[in-house]
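*Asks:* Protein chains in written order, with the numbering used here: chain A, 117 to 388; chain B, 117 to 388.
For the record, the hints were derived by calculation from the structure and aren't laboratory data. These numbers were taken from a predicted model, which means no experiment stands behind them. Wrong hints could be hidden among the right ones.
As the list makes no split between identical chains, a pair holds if one copy fits it or if it spans any two.
Mimicking SDA-like on lysine to any residue, the simulated pairs with C-alpha atoms at most 25 Å apart in a straight line are [to be verified]:
| no. | residue 1 | residue 2 |
| --- | --- | --- |
| 1 | Lys145 | Asp291 |
| 2 | Lys298 | Val281 |
| 3 | Lys176 | Arg372 |
| 4 | Lys341 | Val327 |
| 5 | Lys145 | Lys341 |
| 6 | Lys236 | Ile206 |
| 7 | Lys236 | Asp215 |
| 8 | Lys355 | Arg317 |
| 9 | Lys231 | Asn250 |
| 10 | Lys176 | His348 |
There are 2 protein chains.
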Amino acid sequence: MIKQKKEVVFNERPIGIFDSGIGGLTVFKEIRKVLPHEHLIYLGDTARVPYGTKSPEVIKQYSEINVRFLIEKGVKVVVVACNTASAAAIAYLHECFPDLLILGVIQPVVENLIKLDQVKKVGIIGTATTIHSNAYQRAILEHMRVEVFAQHCPLFVPLVEEGIVDHPLTMQAVDYYLSGLKRAEIDTLILGCTHYPLLLRPIDYYFGHRVRIMDSAYYTARELKKILSERHVANESHKSGEERFFVTDSAETFRRTGELFLERPLVAIEHV
Amino acid sequence: MIKQKKEVVFNERPIGIFDSGIGGLTVFKEIRKVLPHEHLIYLGDTARVPYGTKSPEVIKQYSEINVRFLIEKGVKVVVVACNTASAAAIAYLHECFPDLLILGVIQPVVENLIKLDQVKKVGIIGTATTIHSNAYQRAILEHMRVEVFAQHCPLFVPLVEEGIVDHPLTMQAVDYYLSGLKRAEIDTLILGCTHYPLLLRPIDYYFGHRVRIMDSAYYTARELKKILSERHVANESHKSGEERFFVTDSAETFRRTGELFLERPLVAIEHV
Numbered sequence: 117m118i119k120q121k122k123e124v125v126f127n128e129r130p131i132g133i134f135d136s137g138i139g140g141l142t143v144f145k146e147i148r149k150v151l152p153h154e155h156l157i158y159l160g161d162t163a164r165v166p167y168g169t170k171s172p173e174v175i176k177q178y179s180e181i182n183v184r185f186l187i188e189k190g191v192k193v194v195v196v197a198c199n200t201a202s203a204a205a206i207a208y209l210h211e212c213f214p215d216l217l218i219l220g221v222i223q224p225v226v227e228n229l230i231k232l233d234q235v236k237k238v239g240i241i242g243t244a245t246t247i248h249s250n251a252y253q254r255a256i257l258e259h260m261r262v263e264v265f266a267q268h269c270p271l272f273v274p275l276v277e278e279g280i281v282d283h284p285l286t287m288q289a290v291d292y293y294l295s296g297l298k299r300a301e302i303d304t305l306i307l308g309c310t311h312y313p314l315l316l317r318p319i320d321y322y323f324g325h326r327v328r329i330m331d332s333a334y335y336t337a338r339e340l341k342k343i344l345s346e347r348h349v350a351n352e353s354h355k356s357g358e359e360r361f362f363v364t365d366s367a368e369t370f371r372r373t374g375e376l377f378l379e380r381p382l383v384a385i386e387h388v
Numbered sequence: 117m118i119k120q121k122k123e124v125v126f127n128e129r130p131i132g133i134f135d136s137g138i139g140g141l142t143v144f145k146e147i148r149k150v151l152p153h154e155h156l157i158y159l160g161d162t163a164r165v166p167y168g169t170k171s172p173e174v175i176k177q178y179s180e181i182n183v184r185f186l187i188e189k190g191v192k193v194v195v196v197a198c199n200t201a202s203a204a205a206i207a208y209l210h211e212c213f214p215d216l217l218i219l220g221v222i223q224p225v226v227e228n229l230i231k232l233d234q235v236k237k238v239g240i241i242g243t244a245t246t247i248h249s250n251a252y253q254r255a256i257l258e259h260m261r262v263e264v265f266a267q268h269c270p271l272f273v274p275l276v277e278e279g280i281v282d283h284p285l286t287m288q289a290v291d292y293y294l295s296g297l298k299r300a301e302i303d304t305l306i307l308g309c310t311h312y313p314l315l316l317r318p319i320d321y322y323f324g325h326r327v328r329i330m331d332s333a334y335y336t337a338r339e340l341k342k343i344l345s346e347r348h349v350a351n352e353s354h355k356s357g358e359e360r361f362f363v364t365d366s367a368e369t370f371r372r373t374g375e376l377f378l379e380r381p382l383v384a385i386e387h388v
């Protein structure tokens with residue numbers, strides 16, 4: 117009896133999602149779409165954002181602190197909604213927290229890439245730390261015989277956070293970083309940073325709509341849904357799930373930019 | 117006798133300089149030029165860089181930690197070689213450390229602005245936090261009857277750190293942020309961020325070489341020299357001063373980009 121009661125309670129626990137800042141909200145949004153009944157807790161480590169230019173050692177340390185915070189909030193699973201943290205710290209987090217289900221954003225997109233036909237030349241774009249970690253490159257080449265072209269695009273994050281997503285400056289930056297991938301005639305492009313979905317249109321336009329663009333937020337949300345169901349830990353409630361947002365710096369700044377990402381008002385942001 | 121000996125030792129203590137990351141190296145470089153015999157200790161808080169998008173509260177907290185670190189290293193004076201930290205935290209630091217000489221980068225440039233003739237329209241550019249703090253605007257308007265036009269330019273820091281300082285993308289970004297100041301016909305422009313001296317040429321070109329451009333690194337170094345002399349705490353040695361660099365994240369990343377700023381090789385970087 118007691119065991120059964122405990123299990124019910126476990127299923128109703130929230131899903132914890134963390135990112136260095138606001139980028140992970142694109143993952144949050146996709147999770148909310150496919151899992152409307154789950155309670156969601158989002159942590160944005162805005163006092164230490166960005167992770168993408170920092171070393172793997174520092175990112176591991178920050179990621180561990182973030183997971184501990186989410187565990188204290190009683191989450192049943194943690195989604196590392198940040199490509200940089202997934203690239204640099206996912207193995208480390210699995211070691212630190214062997215009993216916790218932890219899902220990164222790299223594996224789901226790669227697993228879906230593998231299933232596709234006619235993939236010959238794959239482009240990957242992300243932060244400097246994500247690209248230099250070779251996490252995507254390794255994961256892909258383990259399973260596929262394809263050519264991989266990786267490019268870090270450090271200006272994309274500030275462009276997105278500034279809201280400069282539809283301006284000649286945006287196209288100039290897209291051309292600056294992606295001209296090599298265009299010349300290489302990639303057929304598939306992985307947006308390996310949670311900010312980049314906001315640049316989907318200019319990127320798609322730049323490649324003449326001829327390149328298949330894969331976004332880790334989309335695949336991660338669907339993978340999460342599958343895992344919760346397989347492990348029988350989904351929340352079976354029919355009510356809308358609750359949402360809480362935590363940030364390590366000013367709630368106001370997060371709210372302002374966060375609404376661009378979430379495409380709806382952001383309320384109840386708590387500073388920790 | 118003992119007192120005199122103590123004083124000599126004090127004068128030989130290093131000057132402490134801190135910044136959120138590498139930008140403060142432009143200040144370091146100017147200080148080295150005018151004070152070749154002083155020992156210099158530089159601290160780049162690269163694990164938490166950038167400060168420019170973070171809240172004043174967080175910046176105060178980080179700045180206090182940085183000053184404590186430099187005090188432990190035995191410095192005789194601290195230069196806050198970061199406009200954002202100077203804007204957000206200088207008063208707080210003076211409160212925390214009443215017996216320590218602490219110099220920011222805002223006051224020296226404003227004091228020199230006041231002495232100039234024919235200043236009518238002043239432009240100030242900097243990070244979001246610097247501009248929103250109104251620190252420059254207040255300091256100027258306290259002493260002068262001029263029009264002030266302030267603009268934050270969040271893409272300038274990543275452009276500089278990426279080394280994109282002479283590219284069509286640079287000019288596009290300069291135009292994006294500075295077209296308002298150009299239309300306002302400013303006669304003087306303050307580069308209110310330690311990264312911006314690396315964009316001096318495109319900015320000067322953009323304004324058709326008709327705008328007086330003031331750089332806080334230059335004035336801060338000269339003010340520091342004056343203060344050390346006035347207070348009789350300059351190092352009277354005739355040997356070249358020693359240099360130590362400390363960073364809170366990877367030394368290697370700091371070295372690579374830091375050399376762009378310092379325009380010479382960077383050695384002996386220590387991770388703390």
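*Asks:* Now tell me, hint by hint, if it's right for this structure.
*Replies:* Status of the hints after comparison with the structure:
no.	hint	verdict
1	Lys145 to Asp291	neither (28 Å within a copy, 34 Å between copies)
2	Lys298 to Val281	both (20 Å within a copy, 24 Å between copies)
3	Lys176 to Arg372	between (28 Å within a copy, 22 Å between copies)
4	Lys341 to Val327	neither (27 Å within a copy, 58 Å between copies)
5	Lys145 to Lys341	within (13 Å within a copy, 54 Å between copies)
6	Lys236 to Ile206	neither (27 Å within a copy, 56 Å between copies)
7	Lys236 to Asp215	neither (38 Å within a copy, 66 Å between copies)
8	Lys355 to Arg317	neither (34 Å within a copy, 59 Å between copies)
9	Lys231 to Asn250	within (21 Å within a copy, 55 Å between copies)
10	Lys176 to His348	neither (30 Å within a copy, 47 Å between copies)
Violated hints, listed in ascending order, are 1, 4, 6, 7, 8, 10; each of the other numbered hints is respected by the structure.
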